[in-house]
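Chain residues, written in single-letter form:
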Amino acid sequence: MKDLIIIGAGPAGLTAAVYALRAGRSVLLLEAKNYGGQIVNTPEIENYPGLKSVSGFDFAQALYEQATGFGAELVYEKACGIEDRNGIKAVLTESGHEYEGRAVIIATGAKNRPLGLPREEELIGRGISYCATCDGMFFRKKDVAVCGGGNTALEDAFFLSNYCNKVYVIHRRDEFRGSAKDLEKLKTRPNVEFVLNANVTDLIGDAKLTAVEVTDKLTGEKREIPVSGLFVAIGQIPDNLAFTGVAKLDGSGYIEAGEDCRTGTPGVYTAGDCRTKEVRQLTTAAADGAVAALAASSGLE
Amino acid sequence: MAAVKVTADTFEQEVLKSEVPVLVDFWAPWCGPCKMLSPVVEQLADEADGFKVASVNVDDEMDLAEQFGISAIPCLVVFENGQEVRRSTGVIPKEQILNLIRG
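Taken in sequence, the protein lines are chains F and D. Letter 299 of the first sequence, counting from 1, is numbered 1751 in this note's numbering, and no numbers are missing. Letter 28 of the second sequence, counting from 1, is numbered 84 in this note's numbering, and no numbers are missing.
Be aware that one or more of the hints could be misleading.
[What the hints assert, rightly or not] In silico SDA-like links for lysine to any residue, alpha-carbon gap of 25 Å or less: (1) F:Lys1594 to D:Lys73; (2) F:Lys1563 to D:Glu117; (3) F:Lys1594 to D:Lys150; (4) F:Lys1485 to D:Lys150; (5) F:Lys1563 to D:Trp86; (6) D:Lys150 to F:Cys1532; (7) F:Lys1563 to D:Ser144; (8) D:Lys150 to F:Lys1633; (9) D:Lys73 to F:Glu1529; (10) D:Lys91 to F:Glu1517; (11) D:Lys150 to F:Glu1574; (12) F:Lys1530 to D:Gln123; (13) D:Lys150 to F:Glu1525; (14) F:Lys1633 to F:Cys1583; (15) D:Lys150 to F:Glu1550; (16) F:Lys1674 to F:Asp1658; (17) F:Lys1593 to D:Lys73; (18) F:Lys1485 to D:Lys91; (19) F:Lys1660 to D:Asp105.
In short, the hints are calculated from the structure, not lab data.
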């Protein structure tokens, strides 16, 4: 049995591991996908204190090596529940294993919000993408669409307009949440066309995406826009439904907890993007990891 | 054995004409998740039994990427008897890659 089981090996979970291990605790990390979390998709981080510029991958790699160097164990399994057994926490995984710990930190992060359309998942890597900087180069000289109205959508559209023949920006409103400066910049691009007050309502194409159907919200009129790529940038969603037995979720699915990272269930803490909070940044994820690990550690005394 | 670096010139011989199933890792040096997956792919190449492992740097081989409709990386594609049979996009654990190869 470990002192601490950390669910999620992103920046929050790995930082928590570093702090807990340095406090003399044993740590098991459970990771469903890849260590580092979302940050590995970021080409350049330029706002982490003390690091002028570092790639997301290099950051994640260094943090991973730091945590494992202190003795963290990492298992690639997706946690699907936490049971309390007379004060001992058992974390169950989809592979059918269970891991016991004296305390648990939930640091599951957040992932890109899907549109929720049929066949969306099947078309990932076949025209559907959630990361323009990762996949944009495959659409050089092609027609693509970006769906969303926030900063990411505007930045993605601008980035893609450098390479693609045509970029449609499909947004459900006629105003943008993203920065006015980015919007102005985007409007100067001759190959960018705005499709406003419109939703993407269908994905067309068999083996790969060939067009999207958009529905005008005001008139109800539907039309097909031929594109070979659709970049979805409509925000993020957490993935905490497996933990409703030990943590309260808010309306959006984030774990309700304050800056002290306590869930209200003794021995269960939460850290990083999966928690209710105002600012979801690399620095605040790391900060949460430290707070949760030290709280968990002192709770074990 | 390390993963075989494959180019447009060698793809047919190394992959399509292979006697055993081939796992092809489409990757690029600027892709963070690819760097995360590559060590696992290399490990599989070392342990490969009944299949082989190849890698394609899509920066150098844009035509191959285009030919196989790669639009996101890392992308793992399994070929059997010259045909694509399965693919997976994104970082997945070793066990899942083995399942992808076995079908």
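Evaluation of the provided hints:
Annotation: proposed proximity of Lys1594 of chain F to Lys73 of chain D is violated, straight-line Cα distance about 32 Å (limit 25 Å). Proximity of Lys1563 of chain F to Glu117 of chain D is assessed by CA-CA distance (about 30 Å); at most 25 Å being required, the pair is judged violated. Restraint check for Lys1594 of chain F and Lys150 of chain D: not satisfied, since their Cα atoms lie roughly 34 Å apart, outside the 25 Å limit. Only pairs whose Cα atoms come within 25 Å are accepted, and Lys1485 of chain F paired with Lys150 of chain D is accepted, the gap being roughly 11 Å.
Between Lys1563 of chain F and Trp86 of chain D the alpha-carbon distance is near 21 Å, which keeps this suggested pair within the 25 Å criterion. Distance hint between Lys150 of chain D and Cys1532 of chain F is fulfilled; the C-alpha atoms sit about 20 Å from each other, no more than 25 Å. Restraint check for Lys1563 of chain F and Ser144 of chain D: satisfied, since their Cα atoms lie roughly 18 Å apart, inside the 25 Å limit. About 44 Å separates the Cα atoms of Lys150 of chain D and Lys1633 of chain F, which puts this hinted pair outside 25 Å; it is violated.
Straight-line distance between C-alpha atoms of Lys73 of chain D and Glu1529 of chain F comes to about 36 Å, which puts the hinted pair past the 25 Å bound. Under the criterion of a C-alpha separation no larger than 25 Å, the hint pairing Lys91 of chain D with Glu1517 of chain F is consistent with the structure, at around 15 Å. Taking the CA atoms of Lys150 of chain D and Glu1574 of chain F, the gap is near 21 Å; set against the 25 Å cutoff, the hint holds. The hinted pair formed by Lys1530 of chain F and Gln123 of chain D fails the criterion: a straight-line CA distance of about 34 Å is larger than 25 Å.
Proposed proximity of Lys150 of chain D and Glu1525 of chain F is supported: the alpha carbons are some 17 Å apart, at most 25 Å. For the hint pairing Lys1633 of chain F with Cys1583 of chain F, the CA-to-CA distance comes to about 21 Å; that is within 25 Å, so the pair holds. At most 25 Å may separate the alpha-carbon atoms for a hinted pair to count; Lys150 of chain D and Glu1550 of chain F meet this at roughly 20 Å. Simply put, Lys1674 of chain F and Asp1658 of chain F have alpha-carbon atoms about 20 Å apart, close enough for the 25 Å limit, and the pair holds.
Proposed proximity of Lys1593 of chain F and Lys73 of chain D is contradicted: the alpha carbons are some 32 Å apart, above 25 Å. Distance check on the hinted pair: Lys1485 of chain F and Lys91 of chain D sit about 14 Å apart at the alpha-carbon level, within 25 Å; holds. Only pairs whose Cα atoms come within 25 Å are accepted, and Lys1660 of chain F paired with Asp105 of chain D is rejected, the gap being roughly 32 Å.
The earlier numbered hints that this structure contradicts are 1, 2, 3, 8, 9, 12, 17 and 19.
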